[in-house]
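Asker: Letter by letter, the chains look like this.
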Amino acid sequence: MERFSALSLAKKALGGHLGWKPQWRSVEQPKKAYDIIIVGGGGHGLGAAYYLAKQHGLRNIAVIERGWLAGGNTARNTTIIRSNYLFDESSSYYEHSLKLWENLSQELNYNVMFSQRGCLMVAHTVHDVQVFKRHVHANRLNGIDNEWLSAEEAKEFCPPLNISPNIRYPVLGASLQRRAGTARHDAVAWGFARAASDMGVDIIENCEVTGINRGPDGAVTGVETTKGTVNAKKVAVSAAGHSSVVLEMAGIRLPLQSNPLQALVSEPVKPAFPTIVMSNTIHAYISQSDKGEMVIGAGTDSYVSYTQRGGLHIPAETLAAICELFPMFRRLRMMRSWGGITDNTPDRSPITAKTSVPGLYVNCGWGTGGFKATPGAANLFAWTIAKNEPHPINAPFTIERFRDGVMIDEAAAAAVAH
Amino acid sequence: MSRSFRVPGRGRVNTRRPVRFTFDGRSIEGFEGDTLASALLATGTHLMGRSFKYHRPRGPISAGSDEPNAIVAVGSGPALQTPNLVATQVEIYDGLTAQSQNRFPCLQFDMGAVNNLASPLLPSGFYYKTFMWPRNFWTKVYEPIIRRSAGLGVAPTAPDPDHYAFQYTFCDVLVAGAGPSGLAAALAAAKAGAEVMIADETAEFGGSLLFDRASRIDGLQTADWVERTVTELKAMPNVRMFTRTTVFNYGPHNMVALNQRMTDHLGTPDPATPRERLWQVRAKQVVIASGAIERPLVFEGNDRPGVMLASAALTFLNRYGVACGRRAVIATADDSAYRVALDLIEAGVTVAAIVDIRPKPDSELFRKVKAAGITVLTNSTVQRAHGSQRIHSVELAPVLPGGDVGEGKNYRCDLLLMSGGWTPSLHLFSQSKGKVIYDADLDTYLPGESAQAERSTGSCRGLYDLGEVLADGLKIGTEAAKDAGCDGEIDLPLWEVTTDAIGRGGFTGALPRRGKGLTAMAFVDYQNDVTAKDVKLAVREGFRSIEHIKRYTTTGMATDQGKTSNLNALGIASSALGRPKQQIGLTTFRAPYTPVTFGAFSGHERGNEFDPDRRTPIDPWARTKGAVFEDVSLWRRARYFPQPGEDMDAAVARECLAVRKSVGIFDATTLGKIEVVGPDAAEFMNRMYVNAWTKLGVGKCRYGLMCRENGFVYDDGVVGRIAPDRFHVTTTTGGAAGVLNMMEDYLQTEWQDLDVWLTSTSEEWAVIAVQGPKAREVLAPLVDGLDISHKTMPHMSVVEGTIGGIPMRLFRVSFSGELGFEVNVPTSRALEVWERIWEAGKPHNMTPYGTETMHVLRAEKGYIIVGQETDGTATPDDAGCGWAVSKLKKDFVGKRSLALPAMQDPDRYQLVGLYTEAPQEVLEEGVQLVANSNEVIPMNKIGHVTSSYHSATLGRSIALAMVSGGRARMGQTLYVPMEDRMIPVTVTSPVFYDAEGARLNV
Amino acid sequence: MFDASSNALTVSRSGFTAKSLGGGRRFALQGRKDTLEGVAKAFGLAEAPAMLQSASAGDCTLLRLAPQELFIIAGEAGLPEAVTTYLGTVPNSLVEVSERQVGWTLEGERLRDTLAALSPLDLRTKSFPVGTATRTLFGKADGMLWRTDENSFHLEVWRSFAPYMVAMMDAAALDASW
Amino acid sequence: MLLIRCPYCGERAEVEFSNGGEAHIDRPADPMSLSAEEWAQFLYMRDNPKGLIAERWRHAHGCNRFFNAIRDTRTDRFVVTYEIGQPRPDVTPEQAAEAAR
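Protein chains in written order, with full-length UniProt numbering: chain F, 1 to 418; chain C, 1 to 1002; chain V, 1 to 178; chain D, 1 to 101.
Worth flagging that the hints you see were computed from the coordinates, not collected in a lab. A portion of the hints provided could be inaccurate.
[Unchecked claim] Straight-line Cα separation of at most 25 Å, DSS-like style, residue types lysine-lysine; simulated pairs:
(1) K842/C x K625/C
(2) K661/C x K475/C
(3) K354/F x K50/D
(4) K270/F x K54/F
(5) K270/F x K155/F
(6) K700/C x K155/F
(7) K32/F x K387/F
(8) K409/C x K516/C
(9) K370/C x K360/C
(10) K126/V x K234/C
(11) K54/F x K21/F
(12) K233/F x K155/F
(13) K50/D x K227/F
(14) K475/C x K435/C
(15) K435/C x K50/D
(16) K233/F x K54/F
(17) K700/C x K890/C
(18) K21/F x K409/C
(19) K11/F x K32/F
(20) K140/C x K270/F
(21) K516/C x K11/F
(22) K54/F x K32/F
(23) K11/F x K21/F
(24) K284/C x K126/V
(25) K140/C x K99/F
(26) K661/C x K625/C
(27) K233/F x K32/F
(28) K409/C x K99/F
(29) K284/C x K234/C
(30) K233/F x K99/F
(31) K99/F x K54/F
(32) K482/C x K126/V
[What the hints assert, rightly or not] If you want the footprint, here are the derived chain V segments under chain C, 3+ residues with CB under 8 Å:
(33) 11 to 24
(34) 163 to 173
Idealized CB from N, CA, C, for every residue including glycine.
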């Protein structure tokens, strides 16, 4: 793999940039067999392939993607990265990921532009304050940075914030995780693809998995695809909103619902917003991209849909909330909006686990929060696949937890999985 | 620059109404009807903006909403300066102020243009390859620099004073676009009797007919035909017409969104006028008549000011009366540009040459141009346009057999027009989820099969001949009306159309050039500075999907969203990949069609109307008493009633003591109330709640606890049995709607056999809680002879009666631990009753108290608040309410889950009380607990504090906590780790006061 | 404008007025289909109004807001004796909700445009003829709308939503004139 | 914004409704007799089809009735809505094709 650097860029510039090679090998036709097939070429799947190769020495791997690489939720989220979750199980998982994010550009030799701009979670009610303080204390004792700010301190950190007592839901304060941030979503997937491909992983685009093959003993033997049968002893599904569809091919029902989630950006403006602000109470999620666009997450539609769109009333509601918190942005304009398919579990926590079918693994249920977990989930999923048992961090995130009543209910605990 | 480029006798601007405005501080005169771009061009000014990345000087290439270059800020002041508006759309008025953007210090000399010199180092994706060392430099050094140089305009910094309107509406046929096909379709549909809406994004109806001087319809100039048609449409009662209104979003089920701009074109609008109105239109049928956009040609220097689309020059000339230069060269791959040449000549502009990339163009127009003696170079290309802030010459060169480009010749010009053919606007069609199909003949994508009740007409489906377009509009309009159920007799007009016979043409991709052009910059996406080389680089680096190419290069991602660039990017990618265009496909068309103001989406949902502000009937009284309020779901509740000089702690201590010692009055109106009525009411309650209800006598109350099916506590409240078949159920304030919904869910979908019905009575009854040892003394004289003695009316009973003649349901219940009543009275009479009780309470020093005191009083008694002690993960037993769960019932919602082993785990978090070692130390709510004082991070947490107060009654602090195995830890010392110290606490019963309940039973 | 205890919240704009309704009582009556038919007969009607339809009987108006629900707008005297007598004989739920709701008579030539700013309901006469009644959403408030005449509606919301409703109608009425 | 046909009130805008998840999941008559596995199937496991789904809606801001619908989750086009208690209607190939379009 050719190293990227300012020097390599300058050298190539002399040659009119004609000397660049493809960032990853595009494999048109899969081999007959691999050790491991990863279904889903998003950030999580590509990352899992990378860590399998890098940390577990397994290189005979195919990543099979139905469409174009990272065209699903990796391309459709608002790139918020944070780890200030309430329960130990969650915060360990997301913190594991956040730590990987902090070195990811260097590790992959690909600038994923992880920008630790901090994430303010705004409290509007006495109840919000209680809940956020519980988060702050729980995080602190886990060694995860999260602090409580008064409304005035929050405004100092984010000057556009409207802390007037005269709005419908005045800001009573905010929690701040300074290490939280945003990253360049495509870059993460491309960086993983490049590094994985360099270690021998085959990346196959435009190839849809149409069946999961199993042997007489019930164990996985491979997959059927639109490019033919591909054999493997291990199949790992990382298909986000389509996880139910793929797992159903092996007869596995999941506690998942796929719902539309919309997001939008404004036209680019000069730096006007220094951080990430989230308000779960009035549903406003906003940050400013390096390009200058205000990146805004809207709510989830309540019904199952794979259309990658939703009603206009959903972003309208979000924009009303944004305009209340930041009334100077009312004249900004929506430039582009889009929808994704989120896969939601009943407790709004993910599943990264073995399934009841030997050799079949699943990483799904990330809902609206999968992007932040990309390197962490990939890393732990790789561990689970390689060792056929979970890492202690993802051990609680099984399918069986629903049967056993040991949920990790971040939603019920009044956190929101954004 | 001062010489005018106005062409007398041309254009639709009102030359009798001069309009004065400023651009970058310079005072300029235009005319009514001008856009900012046309008015500036009329002074010879092309330079209007700077590009995003390289800060290259730019002028407009288009005359419409597809313009990528001439992006300006309009208005002044921190609130009103609006960034990123398109100069070709901004209508001028007296006093308008406009500024160029993305330049420092000024448009003519921009320091940022240094990026242009460094451009060899800044190809697509350069940022992915650099800025990684040292690690922390990204956030601190590199990123801030990148951010400062990115962005276009400056966001306002003060709140927007304007307001925005919103409206739902319905129609039979919605026509998007009022060019020739749209007008024809609207006319046909309207004549068929359909309710028609037609909208156009510009200030005038007519589209291309407003600048088509050559064609005639029924012998009329096209603009006159427009006037005739618009007049006819306006006279029809079933037609609504909208200018300055963009159809920007085609949603599911034919819900289409329009944005109407109402005041931006006015100098001094009435302040009551909404700035914009967002329409949500449910249309039975939609006719898309969105037209086509001319494609630029991709060659070196194609972004120099003075280079523009041929159709733009024609528009500026014929619609605005402005010649965009004195001496033009036209580069084309399409016949339509020849018409532009003829019109320019007629207006006195010199056409130095026409260069046609096609080997053998031939059309009536071509012959006309030749006949006019204009130099036409066929099978030739543009090698390079010269100039910096304005083009001064262009090198035209022959394409040699074999495809190489020969030596060319420089042509002097101040205007270089280009036409790469036409790209049908598929945005709305694609948003409707229709699939686009590649048309080999036209070498472009066209609408394929419709996914919704929608049709495309005119040039957006590849028709360019005016006669055909008008006929198509009539046909499509007729069909749409018919499918909308309107098949009235139609007397369709037959229009006689004479027009230039437009041949076909078009080109996508980069023009051929001589040499490798390693340093040549030929722009595909103007605003984002994406060059042909960038697209090729992306392909070279392995980005093969058009979506990847778009993302890697950012082509099509600027404010114009690729209207002029997408097809050229596709063409270049196609050659680089060696795959035909149809195998590559287009990127998704994302809404909105053009940017839409945030304010238009939020409408009147702002300020206090952002959400309903629900107040109780006692609210005015509380305000006169100086109450401080808090938001609880949609309600505002009085939190405490400070007296002069008191803070919250002091007020709450006083209020608490008053209730404990004498009597307090509290507004509990916001509690949810549900009347559960029917012969099967008790059975229904048995199934919904964990408690048993069958044996609850009429006139008695019981604390009810409700779980979800997962076994976790969902809501609670006191329930009174009013009659054998009638329960008065109360819920938490925030839970009212959810509980009713959950009850209806089970009732309607699982237990249809039950004869029981639910009615919300939350707002039927206002609730006045009178609590304290003196409560009975206060109330007894008021209740019209009702016996409310302890004997007749013990704790947890309910009786119907009157209070001062006003109907009342009187509950003897207590959330304070004291003797207490809750007086339920009709909401409209509540204030009256409240004041009567208040008067009666004065001798007892009755004290009004708020939610904070309510919380302290109940915490002293160990009563939970659902949502505070519980968080959706607590079972009844966890919350210390195991006693409420019926052991006898075979089933209730949540019972099966409660039987899971995990629900019986002795280490579950259980409700306990905590005492701090220092009695005056009040713990912070939400702090965590550990078992050992020597824990280090990461600590083994065993619980957290859910409620914590100073108890004036007990003269010390108290806290409630959920602690792992808590009930087995009584007397243990636990620790609260704060940043600087460990606070020791002792585990105790959650009931701190009157554990035996003596005070309730008096 | 805020006085939640008062019913006297009105809107008066050119083209749109909302006048507070006078007194009267309200009953939510629910029961199985036969019961609703029986009630209709007790009111002296041939049959219960169909879904979303209304019927008048004496000084009572019956609105069929749900298959199992008749919403009754009554005078101060309440329900006729024949009705209460009948209801004593069959399973049903009769709950007085006179205090729960407040309402307005809406009139004016911009009535439809004003309501269309708040409600996604199709109020064209052909879709929502005189006599139609339904619950729907106005902005973020639930409301009960009954068309009493070509250009006159009867609107009720839960009491605490009245100030919100008035503020929103007022703003919408102003916008409707542009 | 979807247009949803309430079986009682006719076509109304989506904002009047709330979605109630998968339809035809009957609460077991005797939950206590179920194994934990069976109980979890009832409580949490859901069809999440990419294609036709039978789902519940509630006309929350209208007649307040629950009803069922068949919808194609690839297009959000409804095939039919029907009252609670009615069996899941058969969908003809023509209807399915139209919904998938």
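Asker: Run through the hints listed earlier and report the numbers of any the structure violates, in increasing order.
Answerer: 2, 4, 6, 12, 18, 19, 28, 30 and 33
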